[in-house]
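Participant: Model the full assembly from the supplied sequences, consistent with the hints where possible.
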Amino acid sequence: MKKNTLPGRIVPEILLSAFGLLFMYPVILMVINSIKPFREVVMDVIALPGKIEYQNYLYVIKYINYPRLFLNNFLITALGIGGIVLFSSMAGYMLSRHKNGFTKFAYLFCIVPMLIPFQTIMITLLKVSKTLGLSESIPGLGIQYWGFGIPMAVFIYSGFVGTIPREIDESALIDGASTVGTFFKIIFPLLRSITATVIALDVMWIWNDFLLPLLMVNGSVKTKTLTLAAYTFVGQYNTQWHYTMTAMVLAVFPSILFFIFMQKYIIKGVVSGAVKG
Amino acid sequence: MKSIGQRKTNKLEIVLFILPCLILVGVIFYTPFILSMFYSLTQWNGIAKEPVFIGLRNFIRLFTGDSGFVSSIIFTSKYAFFYIISSNVIALALAVLLVKKLLTANILRAVFFVPYIMSMIIVGFIWRFIFSQGFNSLSAITGWGIFDMSWLGDPGLAFVSVVMVAVWQSLGFYMVIYIAGLQALPEDVLEAAVVDGASAPRKFFSITLPLLGPSITTCLFLSLTNSIKVFDIILALTAGGPGGSTYSVTYDIYREAFQNNNYGYGAAKSLVLFIIVAGITVIIMKGFRSREVEL
Chain A
1 MKKNTLPGRI VPEILLSAFG LLFMYPVILM VINSIKPFRE VVMDVIALPG KIEYQNYLYV
61 IKYINYPRLF LNNFLITALG IGGIVLFSSM AGYMLSRHKN GFTKFAYLFC IVPMLIPFQT
121 IMITLLKVSK TLGLSESIPG LGIQYWGFGI PMAVFIYSGF VGTIPREIDE SALIDGASTV
181 GTFFKIIFPL LRSITATVIA LDVMWIWNDF LLPLLMVNGS VKTKTLTLAA YTFVGQYNTQ
241 WHYTMTAMVL AVFPSILFFI FMQKYIIKGV VSGAVKG
Chain B
1001 MKSIGQRKTN KLEIVLFILP CLILVGVIFY TPFILSMFYS LTQWNGIAKE PVFIGLRNFI
1061 RLFTGDSGFV SSIIFTSKYA FFYIISSNVI ALALAVLLVK KLLTANILRA VFFVPYIMSM
1121 IIVGFIWRFI FSQGFNSLSA ITGWGIFDMS WLGDPGLAFV SVVMVAVWQS LGFYMVIYIA
1181 GLQALPEDVL EAAVVDGASA PRKFFSITLP LLGPSITTCL FLSLTNSIKV FDIILALTAG
1241 GPGGSTYSVT YDIYREAFQN NNYGYGAAKS LVLFIIVAGI TVIIMKGFRS REVEL
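Protein sequence lines, in the order shown, are assigned to chains A and B.
Residue 1 is where the first sequence starts when you use my numbering, and the numbers rise one by one after that.
Residue 1001 is where the second sequence starts when you use my numbering, and the numbers rise one by one after that.
It is worth saying that the hints were derived from the structure and are not from the lab.
Wrong hints could be hidden among the right ones.
Okay, derived cross-link-like pairs now, DSSO-like style, lysine-lysine, Cα gap no bigger than 27 Å in a straight line [stated by the list, open to error]: (1) K268/A with K1049/B; (2) K1100/B with K268/A; (3) K1011/B with K1203/B; (4) K1229/B with K1100/B; (5) K264/A with K1078/B; (6) K104/A with K1011/B; (7) K1078/B with K1229/B; (8) K1229/B with K1101/B; (9) K1101/B with K264/A; (10) K1049/B with K127/A; (11) K1229/B with K130/A; (12) K185/A with K1229/B; (13) K222/A with K127/A; (14) K62/A with K222/A; (15) K130/A with K1049/B; (16) K268/A with K185/A; (17) K1286/B with K99/A; (18) K127/A with K1229/B; (19) K1011/B with K99/A; (20) K222/A with K130/A; (21) K104/A with K1286/B; (22) K1100/B with K1049/B; (23) K99/A with K222/A; (24) K1229/B with K268/A; (25) K62/A with K51/A.
Okay, the calculated bits of chain A under chain B, using three or more residues with CB under 8 Å as the criterion [what the hints assert, rightly or not]: (26) 20-33; (27) 54-63; (28) 136-149; (29) 262-269.
A virtual CB, placed ideally from N, CA and C, is assigned to each residue, including glycine.
Facilitator: Pasting the structure below:
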């Protein structure tokens, strides 16, 4: 029944590949121009570099203190995700297993903020964070991401806990295990596939997030994130495209690497997050 | 019968498991939200110690004497309209092509998804480079007029550029959702259509598309709420220019609060944004529910 003739298969293949290449062209241009000297960038953006200019990378890595920024991003993301996963899975477990007036209220209390745009609270959040000492610090940023990540994560976890048979934790409790022990030794391991989904989604979000660090962090390299540093770098080196493109590649590189290794979970996360959200 | 040593999760434990989330959400969302409601009724520049209570004057000014806010609402609505249509149509088309058994399907799926994993700020800067420098070179090589146009300097074209870059960045996200939807379609129904002699377009519009309803609604909803909140791409690509023609609502709020230091007035604007987003979400959710009942 199906048209399996050779042209019928190859033509869409070629057209789509061509479109894919065109789609990627901006990314390709970014990489090409990050290894060119300034003169060549200005003369011809399209041309391949005459010789590879490592100097751009050495300069930008040193100037923005890339290792430090990378560490900052890593710490903020790790701390943020750790808290989101821990607190949301605990709450999701109880919210799903025990239905009463309190848990119904708590569930709504946790997920209704999904309706609140970040920009609605950003002005006063800055004030709250300053009062609590959460601005201008890496742990402070991580803790704020706990709050921002919880609504979605609680929603996903409490939905997933419902698919785990009650008998599993009930029998553990009957055997005398503590509630905390039952959760961490029995339930939490069973949640690992959905935990991977939550991690994949939240890594992409926190690692790339821009507005919260922009509001909370003022200048110091000790607390700057990668994206924020790239933003201020472009502000300073406005038209020095060879440097700005280098900074872009450096900022994007970790995300691409993460995507390559976590592709399966990211795609799964996007789908389940979207369908449930 | 309860055996000795049996434990049951007690009420205190339930509360303790949930409490961290309640506190965090309370501090991060509800406290600033309530403070925003308070500050929206004041005039406060963030420097003066005490905000001055001025009642509803911020809100009155918003809708009567602020052409900037009104035009940012118009821009955002226009942007949302074109962004939703183009991103969904292109993403759906790509998804339909990429669920076929192509050799390159997996690579191409990854290719179209890559921009989505990059920060929108970075995406904005890359495209600013393409529009300003890349197009110069392309114009020199091809001689085509479209590369000579001022894609970021002309208000009309800047609008097109913003929509295009936003679609480029997020296309893969919607495509992935559509692919998942297409893969979940019942094979037998589709095959029955082919057996009955339905043409490919007929099959797509009469069977695939209606069956894809849930995925389409999800993508429309997500693209709508995302487009209302558009901020990063505009900041990096046009910074609101040229001549303030690409200020979105969120950008306008950001500028009001952090550049003009009108915190009270900014808070009033931010509440209007909340009412728009929450209103749309609630209406759409209700739509979802009533349809589910019908089915």
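Participant: Which of the numbered hints are not met once you compare them with the structure shown?
Facilitator: 1, 3, 4, 5, 8, 12, 22, 23 and 27
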